[in-house]
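Undergrad: From first to last, the protein sequence lines are chains S and D. Each residue of the first sequence is one higher than the one before, starting from 8 at the first, in this note's numbering. Each residue of the second sequence is one higher than the one before, starting from -17 at the first, in this note's numbering.
Hints are computed from structural coordinates only; laboratory data are not their basis. The beta carbon of each residue, even a glycine, is placed where N, CA and C say it ideally should be. Take the hints with a grain of salt, since some may be wrong.
Just the calculated beta-carbon pair ranges, DEER-fashion [said to hold, decoys possible]:
| id | chain 1 | residue 1 | chain 2 | residue 2 | range |
| --- | --- | --- | --- | --- | --- |
| 1 | S | Cys266 | D | Phe113 | 51 to 57 Å |
| 2 | D | Asn180 | S | His267 | 56 to 62 Å |
| 3 | S | Ala552 | D | Pro149 | 44 to 50 Å |
| 4 | D | Pro149 | S | Glu556 | 24 to 30 Å |
| 5 | D | Pro149 | S | Lys158 | 53 to 59 Å |
| 6 | S | Glu556 | D | Met150 | 52 to 58 Å |
Part of the chain D face toward chain S, derived, beta carbon under 7 Å [what the hints assert, rightly or not]:
| id | residue |
| --- | --- |
| 7 | Gln6 |
| 8 | Ser190 |
| 9 | Lys310 |
| 10 | Thr312 |
Heads up, simulated EDC-like pairs for lysine to aspartate or glutamate below, C-alpha to C-alpha not over 20 Å straight-line [claimed, not checked]:
| id | chain 1 | residue 1 | chain 2 | residue 2 |
| --- | --- | --- | --- | --- |
| 11 | S | Lys471 | D | Glu193 |
| 12 | S | Lys471 | D | Glu92 |
| 13 | D | Lys262 | D | Asp276 |
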Amino acid sequence: MARRFLKPWAGRDNGDPRNPAWTTGRPAPSSSPLGLGRSGAGILPTGAVLFLLVTVIVNIKLILDTRRAISEANEDSEPEQDYDDPLGRLEPPHRRGRGPQRVLDVEVYSSRSKVYVAVDGTTVLEDEAREQGRGIHVIVLNQATGHVMAKRVFDTYSPHEDEAMVLFLNMVAPGRVLICTIKDEGSFHLKDTAKALLRSLGSQAGPALGWRDTWAFVGRKGGPVLGEKHSKSPALSSWGDPVLLKTDVPLSSAEEAECHWADTELNRRRRRFCSKVEGYGSVCSCKDPTPIEFSPDPLPDNKVLNVPVAVIAGNRPNYLYRMLRSLLSAQGVSPQMITVFIDGYYEEPMDVVALFGLRGIQHTPISIKNARVSQHYKASLTATFNLFPEARFAVVLEEDLDIAVDFFSFLSQSIHLLEEDDSLYCISAWNDQGYEHTAEDPALLYRVETMPGLGWVLRRSLYKEELEPKWPTPEKLWDWDMWMRMPEQRRGRECIIPDVSRSYHFGIVGLNMNGYFHEAYFKKHKFNTVPGVQLRNVDSLKKEAYEVEIHRLLSEAETLDHSKNPCEDSFLPDTEGRTYVAFIQMEKEDDFTTWTQLAKCLHIWDLDVRGNHRGLWRLFRKKNHFLVVGVPASPYSVKKPPSVTPIFLEPPPKEEGAPGAAEQT
Amino acid sequence: MSRINKNVILALLTLTSSAFLLFQLYYYKHYLSTKNGAGVSKSKGSRIGFDSTQWEDWFRIAENMGFQCLKIQSKDPRLDGIDSLSGTEIPLHYICKLTTHAIHLVVFHERSGHYLWHGHLRLKGHSDRKFVPFRKLHFGRYPGAFDRPVLHQVIIDGLEVHIPKDPMHFLEEIPHSRFIECRYKEARTFFQQYLDDNTVEAMAFRKSAKELLQLAAKTLKKLGIRFWLSSGTCLGWYRQCNIIPYSKDVDLGIFIQDYKSDIIIAFQDAGLPLKHKFGKVEDSLELSFQGKDDVKLDIFFFYEETDHMWNGGTQAKTGKKFKYKFPKFTLCWTEFVDMKVHVPCETIEYIEANYGKTWKIPVKTWDWKHSPPNVQPNGVWPVSEWDEVIQLY
C-alpha cells in the first residue's frame, strides 16, 4: 500500500476565466512597452525604466508559467474517462417485502401430492415432486419484513424426524411467523412431544393430526394463531381433501423483531444474520447470545499460522455453522487465512460465513453429482493457492467436520515432515480405522498408504505440478478422493495420520451419505478432545526411520495365539499397554480377503482397504497395541515365527441387497 | 508639463507593473505549493493480504476524524482465471480527504509469480468525479504490477512505517508498471468452442514449456534484459490464457538495443545450449536454444524504425531473409503461467499483424515463411556472410 499526500489544490482550478490572473495578466505586456520609448533622461527615470523592464519580463515569465498550470488544471477537469466504470454497475435489486405495507397476504396449500406457500403473491415454497418432500413443511418468516428465514421439511412419517422438528421449532425466536403444511403424510411418527409443542403454538388440529390428514397452519411463535385449516382423511386408503388457507399476517415493527444487543461490530454481524435466518439457536438469543468470536489461546511457535485453510461447502448451512464454530475455537487458528468455498449461489451458507466475519467464495456449479463435487474441489484448491501465492501448503476441510481443539497444534508439529520427506503424499487429521474401540494414543502417528481426506494438508507443488494439470474433467463422474487414491496419482507415497483423529465427521445428510451408513461407519469414531497434545517422536515418521520403528515394534511384540478365532473378544488377552502381533493370509499385495473379514468382525472400516503400510495394520484393542501382518505379501512376514500359520478367513457368500456404495471421504 | 506627465506615467506604470508582479508572485507560489505537495511522501505500507475488519476499522477511524472517504473495490482478479468463482469484493483504493488534503491508500495484493498488484481506480456511475483531481494521483489510472519489495521499517515524522528496502527500484517501476489482465472470459469461450487438449502429451508439453519459460525469464532477469511474449506464446496468452499445446516452442521478443553479448553464455550456463543463431546484431538477429524434452526457445530481436518495428527471419538452406513488420508497441505486465511477464500493451494490433484477423481460429499447420500476414521477403544473405549469419548447432 502507498500513502500519498496532496497539498492544497484549492487554488488550482484556474481554468475559470473569472480568475484575476487571467484578466489582469493580459494587458500588462502590451501596455508596458509604451512607456519605454517615452522615458526621458536622468538617473531616476532610467532606473525606473530598468525596473519596469525587469518587472515586465518577470511578469511575462510568470504569466507563461501560470498558463501552463492552468492548462494542466484544465486537463484535470476533463471527464475522468479512464476512471469511469464502463459497466455502470446496477444496484442490487431490493428484496420483496419492504415498503409501507404492514400486512402480509399468506396462502398455504396442503394436499396429497402438492404443497405450496405464497407470501404476497410470491411463491416461497412449491413442492409437487413425486416420491419426495413427504411430511410437515415448516417456513419461518421475519415478523417485521416478511422475509423467509428458514425452510425445512420434517418427514414425520418416518421415525425420529419429529424430534428434529421439535428441536428446530424450539430454536425459533418468539414472535416469528410460523407456517406449516403437510404433504402426503405427516402423522405416522408424530409423537406426543411434538404434538404437545404444536398445541403450545395454539394449533387446534396439530395435536390431533391423523393418518393422511391435510393441514395448513399459520401462527406466531408464542401466539396468536393467524389461521389454520385441516381436513381429515376419510379412510386408511385415501387422503384428506386438499386445503387452501388464505390469511393476513400483520407485520410488526422492526424494533420488536430485533434484539437490543450492544452496538459493536460483532453484534452488527449478529443482527444482520439473525434478521435473515432462523434455526441457529442461541446465537440469536436476545438475552444471552452465544459468542461468535472465540479467542482460543495462540499456539507457541505456530508453524501453520500462515497456511491457508480452505473449507469446502455446499448448501448445508447448519453444518457449516457447527463446523466453523469448532474451527474458530481451535488453538492456533488464524481466521484471516480461512476461505469458505460454497458450491452454488446459496445465500444462507454465505450468511453463516459473514456471521463469523470470514471470507466466502461462491462457485457456479459445474457438472453433476460426484463430478460437481470434484470440480468444486478443483476450483477451490486453485483459488486457495491463487489467493495465497506464497503458501506452500493448504489445509483442506469440509463443512461436515468437527475440528479438534489441537488440530493446528497437530499440524504445526508434523508439517515439517511434508517438506522434508518426498515420500509423503499428505498429512491427514483422520484415521479411517480410529474408532472408539480401536484408537487409544493421541500422541501417536502412523504412515499409511491410503489417503483418508477429512481434514488434510496438501502440498502446493503436489497440487500445482501434478494434480491440477490432470484433474478429472467435468464429464468424468469420478470422486475426487478416489481419483487421488489411484496409483497413478499417489505413486507409492504415503500419508501421515494420527491414531486418534483430529476431525470428526458428523454429516448425516450428504451426496454419498445416509443415516444408516453414518451410524455404522462414522458415529463411533474416536475424536481427540485433549488440548495441546505433544506428539511423540515425530521424526520417526520419516521413510527410513519408520521402518526402524516398525522393526523394533515387531521385535518386541508378542505373537497372539493363532489357534483362536480372531473375531472373538478373547483373541487378545485382557492386558493393558502391551504390543501384540497377528499374522493373516495375504497372498499378493492386493489380496485383502482375510483383512476385510477381520475388519468386519472388528467393526472397523471394511468397505475398502484403509490404513495399511506395506501389508501392516496398526490399531489398538483393549488398550494394547495390535499389529496385523499380511503373510507372505508383507516384507514384515520375516518376523513370523515358523510355527505360526497365518489366519485365513473365508469371505461370506455374496448377498443380495447389501448396503450400496460407500461414502469415501 | 510634458516631462512631469512622462514621469507620472512612468511612475504609474512602474507601480502597476510591480503590483502585478507581486500578485503574480503570490499566485505562482500557490501553484508551486500544490505541485510540490503532490510529490511529497510516498511511503509504502507493509500489509500484504487482506483482513476485512482491519481495513474497515481504518476507514471508520478516518471518517470519525472528519475525513471524507471514497472506497474503490472490485472483484478479485485472482479468482478470475478459475471457472466461475465469485467472492466478496476486495478493496483496491481508499481516498480520504480533509479540507484541501487527501490521502490515497493503494492496496497492493499479492499474486502468483511473486509480485504485487494494484487495481484500476475505476469510478462507479454515481461517484463524484471531482472528489479529488484523479489525474494527479500516481496510482490507479491503470492497474499496476510491481516486484514484491523487501520492506524495512523507518521512522518518518516520528511514525514507524515500512518502505521498500530499495526505494529507487520501486520508484523506477512506477512509470512502467501498467498491468493487463488475461482475457479469462474470452479464453473460456474459446475452450467451449474448441475444447482444451488434455492428452498426456499436451500436458507434458505445457509443463516443459512452462519450465522453459520460467528458466528463460530467470536468466534474462539476471542479465537485466527486458523481454516479452511473442508469436505463438503471446497468442496463447491472449487467446486462451495458456500455452498452446501444439506450438512446440516458446517465443520471446527482445529489443535489439537491449541485446547483450553474454546472453548466449548465460543461457548455456542455465542448461540451454544454443541451437541456432541467424543474422547479426545489426540485422535480423534470432537465437534459438534447446530446452528439455525437445522444447525450443526462440528469441527474436526487434528493430525499431520511425513508424514500425520489425524482426527478421532467415532460411538456413537458401540464406533467404524475411522481415516481419509490426505496428509500434509498448510493454505491459501480465500474469502468465504463474509469472509476471511483459506482453505488448497493444496486444490485439500485435497479434493481428502476426496472425491476421482470424487469429481466433486455431491453426495447426503454420509456415513461418508464408503464413504470417506481416512477412515479406528481405533479400538474401551474401554467401560470404553465411558462416556468420547462419549458425546451426
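Undergrad: Would you mind marking each hint as holding or not holding in the structure?
TA: Hint check:
1. S:Cys266 / D:Phe113: 51 to 57 Å: For Phe113 of chain D against Cys266 of chain S, whose Cβ atoms are near 38 Å apart, the range 51 to 57 Å is violated.
2. D:Asn180 / S:His267: 56 to 62 Å: 58 Å Cβ-Cβ, so the 56 to 62 Å window holds.
3. S:Ala552 / D:Pro149: 44 to 50 Å: At 48 Å between Cβs, range holds.
4. D:Pro149 / S:Glu556: 24 to 30 Å: Violated: the Cβ-Cβ distance is about 53 Å, outside 24 to 30 Å.
5. D:Pro149 / S:Lys158: 53 to 59 Å: holds, 58 Å
6. S:Glu556 / D:Met150: 52 to 58 Å: The hint (52 to 58 Å, Cβ to Cβ) holds, given that Glu556 of chain S and Met150 of chain D are roughly 55 Å apart.
7. Gln6: It holds, given that the least Cβ distance between Gln6 of chain D and chain S is near 4 Å, below 7 Å.
8. Ser190: violated, 12 Å
9. Lys310: Result: violated, 21 Å to nearest chain S Cβ.
10. Thr312: Status violated, d = 16 Å.
11. S:Lys471 / D:Glu193: Status holds; Cα separation ~13 Å.
12. S:Lys471 / D:Glu92: Distance ~18 Å between Lys471 of chain S and Glu92 of chain D Cα, so the pair holds.
13. D:Lys262 / D:Asp276: violated, 25 Å
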